[in-house]
Each structure stands twice: as structure tokens, then as C-alpha cells.
Amino acid sequence: MSSAVMSNYARVALSFERGEGPYLFDADGRRYLDFGCGIGVTGLGHAHPDVVAALNAQAAKLWHVSNIYEIEPQARLAERLVAHSFADAVFFCNSGGEAVEACLKLARIYHDKSGHAERYRVITFDNAFHGRTLASIAAGGQEKHLKGFAPVMDGFDHVPFGDLAAAEAAVTDRTAAILVEPVQGEGGIHAADAAFLKGLRALADRAGVLLIYDEVQCGMGRTGKLFAHEWAGAAPDAMAIAKALGNGFPIGACLARQAVAEALTPGSHGSTFGGNPLATAVGNAVLDVVLADGFLDHVQQIGALLRERVAALAGNGNVFDSVRGVGLMLGLQCVAPNLELMTALRNQGLLTVVAEGNSLRLLPPLIIDERHVDEACAALEAACASIG
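Residue numbering for the sequence shown follows this note's numbering, starting at 1 and increasing by one per position.
Hints listed in this document are in silico derivations from the structure and should not be mistaken for laboratory results. Bear in mind that the values here come from a model prediction, so they are computed numbers and not experimental data. Be aware that one or more of the hints could be misleading.
What follows is a list of derived Cβ distance ranges for each label pair [what the hints assert, rightly or not]: (1) Arg30 with Ala311: 26 to 36 Å; (2) Lys147 with Ala385: 29 to 39 Å; (3) Gly294 with Pro49: 16 to 26 Å; (4) Lys113 with Ala311: 47 to 57 Å.
Ideal Cβ positions, reconstructed from N, Cα and C, are used throughout, including at glycine.
Construct the complete structure from the given sequences, taking the supplied hints into account.
As C-alpha cells, this is what we get:
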């Protein structure tokens, strides 16, 4: 491939020509079952007809105007996200990293306007991933992401994931917010239990700080609820979403309660492309599908089936020994090197994604059915046999 592309990705020597539903096809016509979804992005699969139709219709009318004007598809998408979440208002951007950045800025300006400018620090959790900006790599705190980008941006205090007592001990009179992924994605698919999220909600209320969720990877139906935190019944004050909201078209959003959202006033934050007609038309088409009757029930059912079938293959323990996760967001804890298993699966026509802690992620499209579970498990069984 072109040497003109920067070398910050360790690319696999494989290129795809087209996609259809849960499948990708290379230039030779070989078909791959895509259980990586562009890292949790193409939740409705490739070339979903409703999304393609919405994109084409909007593209023929209007692609982009500035946010100094009213944008009808943006307003409609915001109203729908509000109607189906804790939030009262939405800011649109282009990516998960930008959505997290908006949440962090919102926490600071909220306290500043409340007369507490000293509150700027954010409690975050070990093994987290919040994006690639200078602020979000500092929030994640992982050395491999920070290396070479010193000095590390100040303002983040890291505690063990799932440790409520440690989070409480980290709160000071300078704390502005607590930022957490309800399900850690890049960290290896570790789900926060309901007691932990409810405890964080209570802690934030007691301390007068904001609770912020990063649902960039675990949101938009991936766990069988529209948003993963719904399983715990513990709503945040602000939340970052992206990835599957556009099914591959770049769009992100920061959702917030009114008392928090109103801290952003004209000129305090913005995005040139965020929420433009093309992106929000696609987002509305995605919501049409995800919010349709029975769709999320299907995700729960097929997710439970996939987990059961995959867990049954972990019995020998030579290649992977356990499976964890929620809905269609599963992590295999590998015994053999996770890259070795990912390669063996790709040779069997199944695409997956590695994660921290020698784990492997299964992030299939939410539209898969039992046939695709059968196909994936057959590939997994053959890959394990080739390794073990």
C-alpha cells in the first residue's frame, strides 16, 4: 500500500472492496464475517439499505451548512436522543474523542460558572480508554498511549476500575467529575456492575461533582439496551457517544442534563462539521432501525446465544479459557497470544479485534442471527484446533 500514509497503524495486509450486511469482501471475492465492525462502528452491518437510502437522499439535497444556522436533521436527532435518554440537550461533533473532550470541557465550565473554578480534576479508572487527544490519553492514563507526548496533561486522578472506596477516597475539593466507561472496550470488555455505577451516582451527588459516562463503544444498542448504563439504572449528568451512531459515517455527541448543558453558551465550544445535515440524516436513519420494536430484544437474545456457544468452546483452555461481556460486546480471555488467535480466525474468515490483557473482542453487527453465530463458532473451533 501507499508509503505516503503515516505509519501509526500496524496494518494487516488485507484490503476490502465492499461490504454487505455482516460480511466484508476482498478484491478476490473472498468473504469474511465481520465480528470487528470497524471497532464497534458498523452496528447495522455494511451497506444497510435504510442508512444508504437516507445518506443518498440527503447527499442529493444538502451536505453541509454552518452551525450558525438551524439544521433540521440535527434538531430532530437531538430531540430523539433526548426522548430516549436521561439528557435534556445534545452537542454534536465528529468522533468519540471529540465527544469525550466536550464532556470534559463541560465539567470545567459548569463548575466555573457555579463559582468553583478550582474544581477541574476528573477521577478516571485504570485500564480505561477515552480517545487520542492530549486530554483523553491523560484521562485513560495508559503508559503506551502517553509515551512520547509528555508533559501529560494535568487534571486526572486514576483509581482501580470497580473500586468504589478508592473513587470516594480520591474526591477532593478540586474534583469536578467522575468519568467512567460502563463497559470498558479497549480495556478488554470489563463491565461495571450495577452496584458500582449506582455507588458512583450516589458519590457524585454527595460530593457535588458530575458523573460522566463514556459510551462511545458500549452505547447505541451494543449491550442490548440503547445505552449500557440502563442495565444499572444509574443515569449520568453527561455522556459521550459516537461510533455506531453513524454506522460508519463520522458523528459523535455529548448528551447532558439541562443544568449542566446550559453552561455552554454561544462561543464557548463548537465544531465546524459537527451535526451537519449529512451526518445527522444518517444518525436519524440509524435510530430508526435501533429503536424499532424488537430490535434491542433481538440483540439481547442473540448476544446470550453467542456467549453460550463461545463459552462452550473455552473448555479445553489451551487457546482461551473464558468469555465475558454484555449483549454483543464479548471478550475472550486468551491463554495463547491474542494476536495469534486473531490471525487464525482471520484465516478462517472471521474478523475480530484484540484488546488489553491478552483478550480478544467479538463486536459483531447487531443484525446477526443464529446462522452467523453458527458460522462464527465453527471458525472459532477450527482456529482453536489449529493453535492448540
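Against the structure, the hints:
Taking the beta carbon of each, Arg30 and Ala311 are about 29 Å apart, inside 26 to 36 Å as hinted. Taken as a hint, the range 29 to 39 Å holds for the pair Lys147 and Ala385, whose Cβ atoms sit roughly 38 Å apart. A hinted range of 16 to 26 Å for the beta carbons of Gly294 and Pro49 is consistent with their spacing of about 18 Å. Take Lys113 and Ala311: their Cβ atoms lie about 49 Å apart, and the range 47 to 57 Å holds.
Of the numbered hints given earlier, the model fails none.
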